[in-house]
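Trainee: Turn these sequences into a full structure, and let the hints steer you where they fit.
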Amino acid sequence: MNTTVWYDIKMTSNTTPSPFVVSVSSTMGSAYSGWKAFDGFLSNAGGDTRWLTTSGAKVGHITIKLDQTRVVNIIQTDMTQTVLDNYPTSIAIHGSNDGKAFTTLRTFGRPIATSSEQAFENNTPYLYYKIEILSSNGGSYTGFGEIKLGYVKKTINKTLILHDGEYKQYHEDIYEETIIDSPIFTTTDENFDYFISGNQDTVYSNLSKGTFWSKNMSNNVAGIAYFGIKLRKPEKLKTFIFRQGSSVNNSIPSINIQVSNNETTWTTLFSPSLSRIGEKNIFDLTNHVKEPYLYYRIIASSNSTATSTLWVVYEIDFIAERKSGVLTETANWKNISDSLPTSQQFIEQGMNNSYPLLDRTVTELEPLTMTNNSEILGVGEIGKVFSKTIDLKKYFDIRSIRTEVK
1 MNTTVWYDIK MTSNTTPSPF VVSVSSTMGS AYSGWKAFDG FLSNAGGDTR WLTTSGAKVG
61 HITIKLDQTR VVNIIQTDMT QTVLDNYPTS IAIHGSNDGK AFTTLRTFGR PIATSSEQAF
121 ENNTPYLYYK IEILSSNGGS YTGFGEIKLG YVKKTINKTL ILHDGEYKQY HEDIYEETII
181 DSPIFTTTDE NFDYFISGNQ DTVYSNLSKG TFWSKNMSNN VAGIAYFGIK LRKPEKLKTF
241 IFRQGSSVNN SIPSINIQVS NNETTWTTLF SPSLSRIGEK NIFDLTNHVK EPYLYYRIIA
301 SSNSTATSTL WVVYEIDFIA ERKSGVLTET ANWKNISDSL PTSQQFIEQG MNNSYPLLDR
361 TVTELEPLTM TNNSEILGVG EIGKVFSKTI DLKKYFDIRS IRTEVK
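Residue numbering for the sequence shown follows our numbering, starting at 1 and increasing by one per position.
In short, the hints are calculated from the structure, not lab data.
Honestly, I wouldn't trust all of these hints.
Each computed EDC-like pair below joins lysine to aspartate or glutamate, with the alpha-carbon atoms no more than 16 Å apart [unchecked claim]: (1) 65 / 98; (2) 148 / 263; (3) 233 / 291; (4) 236 / 284; (5) 10 / 67; (6) 233 / 279; (7) 280 / 235; (8) 153 / 132; (9) 148 / 98.
Mentor: Structure, rendered in structure tokens:
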């Protein structure tokens, strides 16, 4: 079983505690210094606890010098205090031992989610790690609320078999895995199972032609007007993107995002406000969707503040987090040795490190004092019986022994 160890980093300034050092490409000010992305706080703790780039900088990077060289092969980023527009959408992580020449360890897309975790292949210890934001979600700046660096200790396969005179070990397929945002449904998907309430002008069609869905309820849509989708199977969706009318005459202030597994009983996940009229509203569902659901719907929770009789919806996107991998090595039997492995080969490749008991050599025979147990002989049996308890672990790798006496 793999074990994840998160390095305990709790910065109180860019240079404390020593010898940790944090540097950034830019910052919006001292309230948003780089060290606050490594202070251990995921939410506001009496002040901003996030790093933000300067206004206008939609990309950037943050570098940390650790207390010693360490292997990092997993990263967790949190955006609790930052609006969705400023979320990084793709990042790269680099390693260095002099703070100048960096090696790119991995580049991956970051899902539009409050918290995101990515593992990657790396077995080289580095002193410096740079996290670079390659793109963001359309805002005028970007950054991180919190960054955690860790190491995944993978269980090593140490099983050997003897086949055709060779000692072999089985290796499974190896994939280089990445996490991507996968659209489950968009307004251009005409073949999806959607459902709506009541009347409409045009249903989920090609937005480039200016088409839309609208609900005519005489300015009374709260708790009545809705639209939704039925998935192919229950899933935990990650993001919902929504764009309604471009003026108060055909938009509403708030909605309920609801889920169901039978289309009869609905549970409200949360009720966001729609302050961005005519623009995309992006909602992170990560902390709200705790289990898979088959149905997702958006239902009006307020009426228009104008006199219009329409609620107009131009765009809907539901997005799930998907894992994708590229096969880098196919399953195979690897030849370890064509002769009886040495004790060191057994220790390194053929047995658990906690039981290096085969690495033993008997250099001399020890005299054994025997105990006469002739009393166990039955009636009429002739002879002598001697016994001696031997510590077998001194000579063999004994996991368990079952003795049967008759």
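Trainee: Now tell me if each hint is right for this structure.
Mentor: Okay, the hints, checked on the actual structure:
Taking the CA atoms of residue 65 and residue 98, the gap is about 10 Å. The hint holds against a cut of 16 Å. The hinted pair formed by residue 148 and residue 263 fails the criterion: a straight-line CA distance of about 40 Å is larger than 16 Å. Between the alpha carbons of residue 233 and residue 291 the distance comes to roughly 12 Å, so the proposed pair stays at or under 16 Å and holds. For the hint linking residue 236 to residue 284, the alpha-carbon distance of about 12 Å falls within 16 Å, and the restraint holds.
As the CA atoms of residue 10 and residue 67 are separated by approximately 12 Å, the hinted pair is consistent with the 16 Å bound. Of the pairs offered as hints, the one joining residue 233 and residue 279 is violated, with about 30 Å between alpha carbons and a cut-off of 16 Å exceeded. Among the hinted pairs, residue 280 with residue 235 is inconsistent with the structure: their alpha-carbon atoms are about 23 Å apart, more than 16 Å. Restraint check for residue 153 and residue 132: not satisfied, since their Cα atoms lie roughly 25 Å apart, outside the 16 Å limit.
Between residue 148 and residue 98, the direct Cα distance comes to roughly 21 Å. Violation of the 16 Å bound is thereby established for this hinted pair.
Hint compliance for this structure: hints 2, 6, 7, 8 and 9 are broken, all remaining hints hold.
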